[in-house]
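Asks: What follows is each chain in one-letter form.
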Amino acid sequence: MSANRKGLVTFSTIDPNAALAAAVAKTRAEIIGEVTASKLKGRGGAGFPTGVKWNLAAAAKGDAKYVICNADEGEPGTFKDRVILAEVPDLVFAGMTIGGIAIGAVKGIIYLRGEYTYLREQLESALAKRRAAGLLGPQVMDKAVAFDIEIRMGSGAYVCGEETALIESLEGQRGEPRNRPPFPVDTGFMGQPTIVNNVETFACVAAIFAKGAAWFASIGTEKSTGPKLFSVSGDCARPGVYEFPLGIMVSELLREVGGENAKAVQIGGASGHCVPSSEFTRTLSYEDVSTGGSVMVFGPQRDMLAVAKNFMEFFVEESCGQCTPCREGNAKLLEGIEMLEEGRCSAAYLDELTKLGEVMQLASKCGLGQSSPNAFLSIVSHFQDELMGRTHGLVR
Amino acid sequence: MLLTEQQRLKEDIGRLVERYGAERSSLIPVLQDVQAEYGQISEYAMQEVADHLGIHPVEVYSVVTFYAFLGETYQGKFVIRLCRTISCDMAGKEKVARQLENDLGITFGQTTKDGKFSLEWANCIGMCDQGPALLVNDHVFTSVTSEKVHDILQLCRKSFGPLAVHDNRHEEARA
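Going line by line, the protein sequences match chains R and Y.
Numbering follows this note's numbering, with no gaps: position 163 of the first sequence is 163.
Numbering follows this note's numbering, with no gaps: position 124 of the second sequence is 124.
Incorrect hints may appear among the rest.
[As the list claims (entries may be wrong)] Stretches of chain Y that chain R covers, calculated by requiring three or more beta carbons in the stretch to come under 8 Å of a beta carbon on chain R:
| hint | segment |
| --- | --- |
| 1 | 16–28 |
| 2 | 55–66 |
| 3 | 92–103 |
| 4 | 138–144 |
To be clear, the hints were calculated from the coordinates, so they are not data collected in a lab.
Backbone N, C-alpha and C define an ideal beta-carbon position, used for all residues, glycine too.
Just chain Y, same shape as in the assembly:
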């Protein structure tokens, strides 16, 4: 990790602890924000959080490894979580899964080399009446077909990275 990057992480964690309070009960909110911003909770981050909260880093590690949405390994900018529970399964999640793997060139549990997409299974995401369903970060997509997979991925690519289409309407509105 670059020193500047480490410095940024350190400062961010300091700010988060200040916002949520230096208590044990703030641990998960702090970790959730670190995960969202950095796509992972690195060893360095765990040590830093532990120092701020006055607990052993192993305590932080045990929490990070328990929850499906927190993790040590880097997750892409867009984490795609396809529901695999029975209702989505019966609605045809397998075809969607194959299409996602084909279009991204990775299998479930992997991240694309450009660091943009991670593919994960999810257990029931509460969209059983509109399956197959998937989450892209915090956004939900329902009744997904293998055709729709391409549109969803394009939507992600257009919102971030070299193919991003810059939306300057906000700036125009401000000007």
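Chain R on its own, in the form it takes in the complex:
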């Protein structure tokens, strides 16, 4: 695999129909066994083993089961799902169909973010072609399995990328996350067993069935297998979507994208972590710096407090407001950042803010509140000197 190149190197070489044909020839247990053997982990960022998820949903009892593709790609700095859907949508549809066969679902839903409405028409026509070709419908590839896919649109809420909020939204509710457990594999869409996977995860599934679990597992590291797409933006010469095996060092990636002189890189979007130049030997993998694919490069001239502020403004706006740590905590952290900006924040208060951030990580109901302080906390820990004692806001 020629990994060190810009673009969908692996994915564009996969034949989605061959993948589906290989899967329909197998039993449900064999399909799940294959996914488990590949050691594929969720590509949306959380990194949950896909085989385990599918196995739980397959074992769960329900009148109907559902396959949901999470295309609510709202994490700041992430755009690889858009590129996958625009360039190789059939891989995603094939992956979903394989998921449907594996867990015994006849219906798949793609939850596409409202900001990507311009993709809908081409996706609908790609689905229509698959129906006409017998790849979707009452008899997939002339076998006794039915599966079809529907597209549903989001309406501009970042929190709906959280799987239970997404399901709430599909059910016609406010996108407020549910308590977990019960997990969607047990009680998901309409209370039925449901798998929710990222766009790239389904594309990986197609790749696994086209080229084999052993091939997939041979790429990357022991715990982080397979190729991964990275959405690279910010202060670098060549931003865009890149494909690398998981486990690549931050410094290697920066060399490829022309961002060697960066002072920091934000990995995993607004909810991810800020990695300073002293730690560029760390690797992008589930065991080290985990990411759904967002890599934002900050050049030497960037004010890290402005970065932290931008992220915190984002979370204040996108918090669903359901639980207190997230609703109040993010607003409080933003207020603290504004105090830092004006040079009125004592070291003791900064400590308080850090503690508040840790409380939010522990006590928030869903991933949004649990991860929203990450950027602030990592910027504080690595760039405290840059943040403290600002003078421009002082009125003397």
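Chain Y: place on chain R using the hints.
Replies: Just chain Y, lined up with the frame of chain R:
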């Protein structure tokens, strides 16, 4: 609202519910279509949708107020959403924002008096490698500069309203 307008809204909602099904899970698709057609989801529309789906209008209101792309207040024919998240910010979204405000004579969160343009901020629209980026309704524009702002607005003006340039190629092709 004129009675005829209300009648049209009522009929449209009836048709939408028929198409998507009279179930709670159809609520958002119905509201999305009402928003796209009317630029807002009025109190009357909420009541009408609630009646069709057999739920309390407050349920509809709670959903309408939750989602950024749905709303009670009227939005212009062209809703411009400029991305303000960090990558677009670093790429120079502030200059684009000022130019949009200057050219439209409104600030973010407002709609022009002729009801044609609304200006909104958006959180990350997934065009981080090609910022600054903005959406005009469902269309995306990337690498926007303050110069390009004028072209984008002209494009909108030419496609709708008194300055619209009528494109009759389709009719010619049909004839």
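Asks: Could you run down the list of hints and mark each one as holding or not?
Replies: How the hints compare with the structure:
no.	hint	result
1	16–28	holds (count 6)
2	55–66	holds (count 3)
3	92–103	violated (count 0)
4	138–144	holds (count 3)
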